[in-house]
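Here the protein sequences line up with chains V and E, keeping their order. First residue of the first sequence? That's 1 in my numbering, and the numbers climb one at a time after it. First residue of the second sequence? That's 1 in my numbering, and the numbers climb one at a time after it.
Calculated from the structure, these hints are not laboratory results. Treat the numbers as computed from the prediction; the structure is a model and nothing was measured. Glycine is no exception: its CB is placed at the ideal position from the N, C-alpha and C atoms. One thing to keep in mind: the hints can contain errors.
[Said to hold, decoys possible] Listed next, with one range per pair, are the computed distances between beta-carbon atoms:
no., chain 1, residue 1, chain 2, residue 2, range
1, V, Trp-108, E, Ser-404, 51 to 61 Å
2, E, Glu-342, V, Ala-33, 53 to 63 Å
3, V, Val-254, E, Asn-222, 57 to 67 Å
4, V, Ser-128, E, Asn-206, 34 to 44 Å
5, E, Gln-429, V, Trp-108, 32 to 42 Å
6, E, Asn-222, V, Leu-133, 35 to 45 Å
[Said to hold, decoys possible] Derived SDA-like pairs (lysine to any residue); straight-line CA-CA distance at most 25 Å:
no., chain 1, residue 1, chain 2, residue 2
7, E, Lys-490, V, Pro-36
8, V, Lys-221, E, Glu-124
9, E, Lys-292, E, Lys-490
10, E, Lys-384, V, Asp-38
11, E, Lys-490, E, Ala-305
12, E, Lys-448, E, Lys-191
13, V, Lys-190, V, Lys-221
14, E, Lys-380, V, Gln-139
15, V, Lys-221, E, Lys-490
16, E, Lys-343, V, Ala-41
17, E, Lys-304, V, Gly-257
18, V, Lys-221, E, Val-359
19, V, Lys-221, E, Gln-394
20, E, Lys-285, E, Ala-189
21, E, Lys-78, E, Asn-335
22, E, Lys-285, E, Ser-263
23, E, Lys-285, V, Val-132
24, E, Lys-384, V, Thr-44
25, E, Lys-384, V, Leu-19
26, E, Lys-384, V, Pro-138
27, E, Lys-380, E, Lys-448
28, E, Lys-380, V, Arg-184
29, E, Lys-292, E, Pro-205
30, V, Lys-221, E, Gln-244
31, E, Lys-304, V, Leu-238
32, E, Lys-90, E, Gln-420
33, E, Lys-380, E, Gln-420
34, E, Lys-384, V, Gln-240
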Amino acid sequence: MSGTMRRAVRLRSTKIALLALGLVAVFAVAGGALAPHDPLAQDTAHVLAGPSGAHWLGTDYLGRDVLSRLLDATGRSVVGAAEAVAIAFLLGVPAGLGSVFFGRFFDWAVQRVGDAVMTLPYLVFAVSVTGVLGNGLPQAMLAIGVFLAPLFLRVTRAAALSLTRAQYVEVAELLGASRWWIIRNHVWSKVLPTVAVTTAQLASAVLLVASSLTFLGIGVKPPAPTWGGMLSSDLGFLAQQPWAPAIPALAIAVTAGALNAIADAIRDTTGVTATPAGRGLFGRRPPTEAPSTNTGAAATTADVVIPAQEGRLSDA
Amino acid sequence: MALGRRGFLGLGVLAGSSVLLAACGSGSDADSATGREGGTLRWGWSTVTSWDPVTSSAGWDVHALSLAYSALTKLDEKGNPVPALAESWKYNDKGDQITFVLRSGLTFSDGTPVTATAVRKSLERGRDFAGSLVKAQLVSVQTVTANDSARTVTLGLSTVDYQIPSLLAGKTGMIVSPAAFEKDAKGLATKPVGAGPFRLTEYVPNQLAKLVRFPGYWDKANIHLDAFELYPLPEAATAVAALQSGRLDVAQIPGSQVSAARSAGLEVQIIPSLVTTVLDVNVTKAPFDNPKVVEAFKYAIDRKALLDTVSFGIGAVNYQPFPPGYVGHNASLDNAFAFNPEKAKKLLAEAGHATGLEVPLTITGASTALAEQLQAQFAKVGVKLTIDTIPATQATQVMYIQHSKALAVDGFAGRDSAVQAFQVLFGEQGLMNPGRRTPPELNAALQKVRRTPLDDPSYPTVLQAATKIAVEQMPNIFLFTTPRVLARKKSVSPLGSYLAVQRFEGVRVS
Chain V
1 MSGTMRRAVR LRSTKIALLA LGLVAVFAVA GGALAPHDPL AQDTAHVLAG PSGAHWLGTD
61 YLGRDVLSRL LDATGRSVVG AAEAVAIAFL LGVPAGLGSV FFGRFFDWAV QRVGDAVMTL
121 PYLVFAVSVT GVLGNGLPQA MLAIGVFLAP LFLRVTRAAA LSLTRAQYVE VAELLGASRW
181 WIIRNHVWSK VLPTVAVTTA QLASAVLLVA SSLTFLGIGV KPPAPTWGGM LSSDLGFLAQ
241 QPWAPAIPAL AIAVTAGALN AIADAIRDTT GVTATPAGRG LFGRRPPTEA PSTNTGAAAT
301 TADVVIPAQE GRLSDA
Chain E
1 MALGRRGFLG LGVLAGSSVL LAACGSGSDA DSATGREGGT LRWGWSTVTS WDPVTSSAGW
61 DVHALSLAYS ALTKLDEKGN PVPALAESWK YNDKGDQITF VLRSGLTFSD GTPVTATAVR
121 KSLERGRDFA GSLVKAQLVS VQTVTANDSA RTVTLGLSTV DYQIPSLLAG KTGMIVSPAA
181 FEKDAKGLAT KPVGAGPFRL TEYVPNQLAK LVRFPGYWDK ANIHLDAFEL YPLPEAATAV
241 AALQSGRLDV AQIPGSQVSA ARSAGLEVQI IPSLVTTVLD VNVTKAPFDN PKVVEAFKYA
301 IDRKALLDTV SFGIGAVNYQ PFPPGYVGHN ASLDNAFAFN PEKAKKLLAE AGHATGLEVP
361 LTITGASTAL AEQLQAQFAK VGVKLTIDTI PATQATQVMY IQHSKALAVD GFAGRDSAVQ
421 AFQVLFGEQG LMNPGRRTPP ELNAALQKVR RTPLDDPSYP TVLQAATKIA VEQMPNIFLF
481 TTPRVLARKK SVSPLGSYLA VQRFEGVRVS
């Protein structure tokens with residue numbers, strides 16, 4: 001594994017992506033401290049001002065410094081996305097492995113639950129979850145995480161399924177190795193690249209999904225800025241600042257692009273194939289059939305649909 | 001009954017759907033030559049929850065319904081009732097019976113005549129139909145008697161109430177063809193049959209409504225448009241473009257778009273309206289169970305600053321539910337709770353909150369500017385407002401049915417009759433009175449309003465006295481009035497400045 005990762009890092013696109021993510025990480029941790037102004041300080045005498053020496057990126061509709069808000073928003077946006085992906089990962093990956101190794105009933109049960117979740121429209125689901133748990137970024141991200149879990153489930157299951165018939169797994173079984181031992185030593189390392197690609201892709205998708213939710217007033221806790229929240233509020237003032245939405249949009253795009261580049265690099269260097277993220281994700285979904293057990297690892301993720309961001313903004 | 005909020009929130013929230021509307025309009029440019037009669041007006045406003053005035057659930061619908069229906073009366077530009085389907089009306093001496101005299105020879109758009117019996121059946125349906133949402137306004141109407149030969153309809157009231165002519169100017173008084181609701185009551189939701197200035201020909205819910213001039217309208221001489229098309233409110237970001245591109249002829253735009261519209265060569269009309277931005281306060285929830293806290297909140301707000309950022313200065317700071325120019329507006333309240341942070345702090349200290357206070361402020365939908373600014377203003381008097389956003393889809397349930405929020409940003413769209421407005425804002429069953437409490441003085445003052453004829457010289461004084469009691473004793477925190485900002489293409493003649501319902505008599509498209 002470490003070998004393939006090293007190969008991936010050597011790619012130029014990966015280096016650039018890591019640099020971008022490094023910056024994002026720095027801003028995420030220290031964004032508030034680096035901000036030149038208080039991101040919440042209002043100056044209603046100078047609203048929607050253009051870039052100036054005092055405000056490099058101008059001010060927003062309440063006269064707050066856009067640069068400071070952008071920096072301050074980084075941590076919140078990134079942590080939100082990480083929460084959603086982590087929840088999806090923790091729910092989906094173990095269930096996916098389990099569905100292969102813990103018998104037919106478990107397999108049937110988790111797949112039906114997964115199917116059920118996938119049939120839900122995500123906006124309605126997010127509205128319901130925040131209705132029950134209260135409205136806030138963690139709750140909205142929890143909703144998205146639960147919603148995305150079936151994708152991890154299917155990716156993991158598909159990847160693991162092909163390994164159950166591998167000779168070395170059968171040999172290990174014959175030698176009396178426990179399931180846990182087999183999963184840890186033979187399965188997990190083979191499944192990991194696929195899961196890593198999915199994780200990177202979903203992380204970028206979640207950033208965009210989170211911004212689309214703010215158009216519905218879900219997941220926002222004003223006045224604390226998030227990239228998605230800034231994007232959504234800036235759109236109301238296009239007449240005054242036509243360029244303003246480009247700023248948070250760029251932050252989202254760069255982060256998402258970097259994550260995708262890393263996902264691509266992992267895919268290229270490990271031979272994992274994955275459907276590119278960004279197609280048909282939250283909307284229509286092609287019929288999902290579990291791949292038959294004897295297909296090769298290379299084909300295993302073909303039935304996985306990664307949540308797409310495009311087209312989602314318009315139904316907010 | 002989610003009246004006022006629809007339009008108020010519409011700007012920010014409902015707008016998304018308008019994106020789906022491709023360029024649907026066309027045609028009016030071709031026949032532009034003479035400009036005297038004819039033409040099509042495309043209005044970007046809002047489509048309706050129902051074309052049946054009795055089951056329509058949004059107060060905002062009254063504007064669109066007024067295209068297809070005529071009521072017994074209508075409100076003039078100042079909001080006073082004037083004749084419509086009824087050419088005159090008269091109260092008995094006691095004031096508990098009113099007789100309307102109908103115009104002669106009118107028909108509904110289905111060809112059936114507008115008789116006294118038809119009016120009776122229509123009003124009785126509003127009062128008795130199980131699904132009626134105007135029922136509450138007609139409870140005092142005990143009997144309706146029709147005399148077809150004399151063309152009179154007489155309403156017997158359980159109590160003296162001189163507000164009936166105002167009340168019947170809105171959805172409550174819109175007359176529906178009995179032939180239509182006796183045959184297919186549900187069908188009315190999509191196929192209105194009234195005697196209004198236009199007749200609906202095509203309707204796609206949430207997308208468009210097309211109407212043509214109805215030649216049987218009583219005031220057809222003042223309707224110069226051949227056709228009318230209604231589209232959902234364009235999103236703030238696209239409103240000006242929709243007018244420039246010719247997709248719309250007239251559209252409501254937010255204050256932020258006014259300068260853009262003007263520089264795009266559009267005419268912008270700022271029409272005073274009854275729409276008021278207000279904070280709903282629940283006096284049964286802490287800390288508002290202490291009147292001193294409510295009073296402190298009223299003083300803690302710099303309304304002018306809110307107006308400047310939220311609606312770009314368009315509108316007027318107001319401490320009462322009625323805008324300047326409306327008969328109920330009490331000029332003595334023009335500085336009722338002028339921004340005074342020191343006084344607010346003092347009141348809070350007296351209420352035992354000298355060390356600070358944390359209060360959740362509920363907002364609906366995605367627009368947070370007002371709440372964020374309130375938060376900053378309250379921070380200066382030691383109150384920490386936390387903003388609690390509820391998705392627009394849950395707003396009606398949470399705010400108007402559960403009444404579970406202590407403090408919420410709301411919008412009041414105004415009502416056809418002043419007493420009706422009081423009921424919505426302050427009544428024990430009022431949508432915007434989450435505490436469900438009304439002081440007896442206010443009820444007495446309202447009773448007096450009902451008992452005073454609208455044309456009585458003392459009516460303004462009596463109504464304004466009730467306004468004063470309400471503003472001083474009720475917790476609702478009024479912030480500012482929001483005019484109707486309509487941008488129109490130069491080819492459209494100026495629109496009437498109607499306080500309540502926007503009307504299109506006299507409007508031409510060249």
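Task: Hint consistency between Lys-221 of chain V and Glu-124 of chain E [alpha-carbon to alpha-carbon, up to 25 Å] - done: violated (48 Å)
Open item on the list: Checking one constraint from the list: CA of Lys-285 of chain E to CA of Ala-189 of chain E, max 25 Å. Satisfied?
Closed with: violated (39 Å)
Task: 25 Å Cα cutoff - pair Lys-343 of chain E, Ala-41 of chain V - done: holds (24 Å)
Task: 25 Å Cα cutoff - pair Lys-448 of chain E, Lys-191 of chain E - done: With a Cα-Cα distance of about 40 Å, the restraint between Lys-448 of chain E and Lys-191 of chain E is violated, given a limit of 25 Å.
TODO: Please work out if Lys-490 of chain E and Ala-305 of chain E have their alpha carbons no farther apart than 25 Å.
DONE: Distance ~33 Å between Lys-490 of chain E and Ala-305 of chain E Cα, so the pair is violated.
Open item on the list: Looking only at beta-carbon atoms, does the pair Ser-128 of chain V, Asn-206 of chain E fall within the given range of 34 to 44 Å?
Closed with: violated (22 Å)
Open item on the list: Next pair to validate is Lys-221 of chain V with Gln-244 of chain E; report whether the Cα-Cα distance is within 25 Å.
Closed with: Not satisfied, since the Cα-Cα distance of roughly 36 Å exceeds 25 Å.
TODO: Mind checking the alpha carbons of Lys-380 of chain E and Lys-448 of chain E for me, to see if they're no more than 25 Å apart?
DONE: It is violated: about 41 Å lies between the C-alpha atoms, which goes past 25 Å.
Task: Hinted pair Lys-384 of chain E and Thr-44 of chain V, Cα distance within 25 Å - done: Distance ~19 Å between Lys-384 of chain E and Thr-44 of chain V Cα, so the pair holds.
- [ ] Please work out if Lys-292 of chain E and Lys-490 of chain E have their alpha carbons no farther apart than 25 Å.
- [x] violated (52 Å)
TODO: Quickly compare the C-alpha distance for Lys-380 of chain E and Gln-139 of chain V to 25 Å and report which way the hint goes.
DONE: violated (30 Å)
TODO: Given the hint that Lys-384 of chain E pairs with Asp-38 of chain V, test it: the Cα-Cα distance must not exceed 25 Å.
DONE: holds (17 Å)
Violated hints, listed in ascending order, are 1, 2, 4, 5, 6, 7, 8, 9, 11, 12, 13, 14, 15, 17, 20, 22, 25, 27, 28, 29, 30, 33, 34; each of the other numbered hints is respected by the structure.
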